[in-house]
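Keeping their order, the protein sequence lines are chains A and B.
Position 204, counted from 1, in the first sequence is what the working numbering calls 204; the numbers after and before it change by one each time, with no gaps.
Position 123, counted from 1, in the second sequence is what the working numbering calls 123; the numbers after and before it change by one each time, with no gaps.
Derived from the structure by calculation, the hints contain no laboratory data.
It is possible that part of the hints are untrue.
In silico EDC-like pairs for lysine to aspartate or glutamate, Cα to Cα no more than 20 Å straight-line [stated by the list, open to error]:
| id | chain 1 | residue 1 | chain 2 | residue 2 |
| --- | --- | --- | --- | --- |
| 1 | A | K46 | B | E118 |
| 2 | B | K161 | A | D40 |
| 3 | B | K137 | A | E31 |
| 4 | B | K204 | B | E180 |
| 5 | B | K137 | B | E180 |
| 6 | B | K137 | A | E28 |
| 7 | A | K42 | B | E118 |
| 8 | B | K142 | B | D157 |
| 9 | B | K142 | A | E31 |
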Amino acid sequence: MTAPTTQPTVVIRPAGRRVGLDLREIWEHRELLFFLAWRDVKVRYKQTVLGALWAVLQPLVTMVIFTLVFSRMAHVPSNGIPYPLFSYAALLPWTYFANAVTASGTSVVGSSQLITKVYFPRLIIPGAAVLAGLVDFAIAFLLLVGLMIYYGTPVHVAILLLPVLVVATTILALGVGTWTAAMNVKYRDFRHALPFAIQLWMFATPVIYPTSLVPAQWRWLLTLNPLTGLIESFRAALFGSPIPWSALGVGVAITCAIMLYAAYTFRRMERGFADVI
Amino acid sequence: MPTSSDGTPVITARGLGKAYVLGGRTAAYATLRETLVESLKHPGRLFRDERGETLWALRDVSFDVAPGEVLGIIGPNGAGKSTLLKILARITEPTTGEVRLFGRVGSLLEVGTGFHPELTGRENVYLSGAILGMRRKEIARKFDAIAAFAEVERFLDTPVKRYSSGMYLRLAFAVAAHLEPEILVVDEVLAVGDAAFQKKCLGKMGDVAQEGRTVLFVSHNMAAVEALCSRCLLLAGGEVRAEGKPADVVGEYLATLAESRSGRRDLAEHPGRRRGASPWMREVTLLGESGVATDQTRAGGPLDVRVTFDTAGPRVSPVLGVVVKTAQGMPLFGINNRLVRGFEFPADVARGTITCRFADLPLMPGTYFLDLYLGDARGDHDTITDAVSFDVLPADLFGTGQLPPASAGPMIHPATWTLEAADGD
Chain A
1 MTAPTTQPTV VIRPAGRRVG LDLREIWEHR ELLFFLAWRD VKVRYKQTVL GALWAVLQPL
61 VTMVIFTLVF SRMAHVPSNG IPYPLFSYAA LLPWTYFANA VTASGTSVVG SSQLITKVYF
121 PRLIIPGAAV LAGLVDFAIA FLLLVGLMIY YGTPVHVAIL LLPVLVVATT ILALGVGTWT
181 AAMNVKYRDF RHALPFAIQL WMFATPVIYP TSLVPAQWRW LLTLNPLTGL IESFRAALFG
241 SPIPWSALGV GVAITCAIML YAAYTFRRME RGFADVI
Chain B
1 MPTSSDGTPV ITARGLGKAY VLGGRTAAYA TLRETLVESL KHPGRLFRDE RGETLWALRD
61 VSFDVAPGEV LGIIGPNGAG KSTLLKILAR ITEPTTGEVR LFGRVGSLLE VGTGFHPELT
121 GRENVYLSGA ILGMRRKEIA RKFDAIAAFA EVERFLDTPV KRYSSGMYLR LAFAVAAHLE
181 PEILVVDEVL AVGDAAFQKK CLGKMGDVAQ EGRTVLFVSH NMAAVEALCS RCLLLAGGEV
241 RAEGKPADVV GEYLATLAES RSGRRDLAEH PGRRRGASPW MREVTLLGES GVATDQTRAG
301 GPLDVRVTFD TAGPRVSPVL GVVVKTAQGM PLFGINNRLV RGFEFPADVA RGTITCRFAD
361 LPLMPGTYFL DLYLGDARGD HDTITDAVSF DVLPADLFGT GQLPPASAGP MIHPATWTLE
421 AADGD
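Bound-form chain A, shown alone (with noise of 0.2 Å):
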């Protein structure tokens, strides 16, 4: 019990057009935001014979039909790695980044009954599916480990890049997650055209393909699209080709840019979510 001091612990007054990112006050509820990705992990596989299966089953089977389409019927090259590891070594950053770009894209929607009812900072929402889709992406790690294990591919020292591509990748689906979260609230197209989006993404990112395979006068185009640095420079680290270190800088500044702009109009909604959703 503290006794009531001349300084207001909070202030609640219209807030005009001034947004702060505010960092301090999510860092204080950390908790909640592990309890809530906690929450997304327990219930998901709740009442699935599968279980936690189903986190390697999606890529995987990606990956069969990438490899019976692309390499043997389409002929798609894989730079000298066979195609199933080199399919899968993108699913995977891939398929997290598109299960957490649409599980936090219609987190807060999903949440009316906590916007309504409860305050905390709405930013956590989103954060904590981001942050369930990470155990999914740890359990279809270990199958690439299996695989890579299988081919006899050896591991290079640049396989210590990895937690800083896979840090990169969180940041970029939060990013697009969190705006879409915003505007989903607000205009629900938003969850018409979520799955549609991501469709069209992964054909404009090298998942299926190499790079390589892109025209070069063309290369620049692919590598605006910030998920192109990222996992090329995962294949890289995995397979010790050379590190794009170009496409992966404009990868790197593009995702903070997208994260900054994501948050603060995420921070500017937030205020009329109660009023809208």
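Using the hints, position chain B against chain A.
The following block gives chain B in isolation, referenced to the frame of chain A:
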């Protein structure tokens, strides 16, 4: 305003207002298509908030709360109680004004916030506790007390979807009851559960107050308000109507409830007012047989419709139109004072009262609504649909102890008969 001995309130609210936009895009979620179509009609407006009609759910509300005080907030539905709590709980932000809170705020706007049916009782205690603002350590420390209070120790590892509704409520309330914020904001939580559980909740609320924490408590349960609160605030129409000792304020509230049966209706903020109408009409009073305000008359009885108005400027020859409708909304008849010779009023009136007298209302027993139109010679300026309702009671209109059957329609009209018997031979 009462404050603590040292004169420092823990909550100060100044000039709080909350406007909701009706009919504009902020009222409901929009789709891109609507936005795009709108922007084609009005180029340059895409993604900008279009201002529709604004409704002030809360207007210029100011109050202080001293530490340890239990402030009850009462009022009719739509008075702005929930809006006020939502602002204090930081769920929605005020349009005007400011609140200063000195201390950690916990809000309890429903029982079971954040509960997930698939998770076990134990898991839900942690989850809900975290959502309500408790730290993990704090929950762990209080866990046994929570489980004991809820009396669900044996089912802690069962998913709450298998709980009975009573167990669910007990557990949910137990988590909330163990929140220890300095300021607790509570809405209608006691409206759930059986009588025994309500009693337990009331007891717990009393304990919270005893511990010297500040509580804001919204309820329709007047007995609970009188029992728990040290001060009370009456909200109506988004404004503070009364403030003081619970017994006094509750008494005043109950009196206003009775007044709403008196046939008097404030028109200044009427929801039935047509968009864009000038709010000229201020109040309507219905007067029955003996000239007293009432919302009841008898079949075939008299009814006076007395409308107080203020044009706030323009001097006009006022015209009052009254349309009588059934409870289902079917208009039965309507009349205004320009339709009848001899009732045209002088053209220099800005404010006053017009009384429209129906000497013998030809209505069958039932409930009826009035639409009111106020204007001048050129047209209507103020229009209110379903401005006020009244009941028609059965009466022995024809001295036979009988009225026509309801199936004959809502109106009743005396008639005379003649018979010219034709001799058969």
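Right, here's what the structure says about each hint:
At most 20 Å may separate the alpha-carbon atoms for a hinted pair to count; K46/A and E118/B meet this at roughly 7 Å. Taking the CA atoms of K161/B and D40/A, the gap is about 17 Å. The hint holds against a cut of 20 Å. With a C-alpha separation of about 10 Å, the suggested pair K137/B and E31/A falls inside the 20 Å cut-off, and the hint holds. For the hint pairing K204/B with E180/B, the CA-to-CA distance comes to about 12 Å; that is within 20 Å, so the pair holds.
Our distance criterion of 20 Å between C-alpha atoms is met by K137/B and E180/B, whose separation comes to about 13 Å. With a C-alpha separation of about 14 Å, the suggested pair K137/B and E28/A falls inside the 20 Å cut-off, and the hint holds. Distance hint between K42/A and E118/B is fulfilled; the C-alpha atoms sit about 9 Å from each other, no more than 20 Å. For the hint pairing K142/B with D157/B, the CA-to-CA distance comes to about 17 Å; that is within 20 Å, so the pair holds.
About 17 Å separates the Cα atoms of K142/B and E31/A, which keeps this hinted pair within 20 Å; it holds.
In summary, this structure violates none of the numbered hints.
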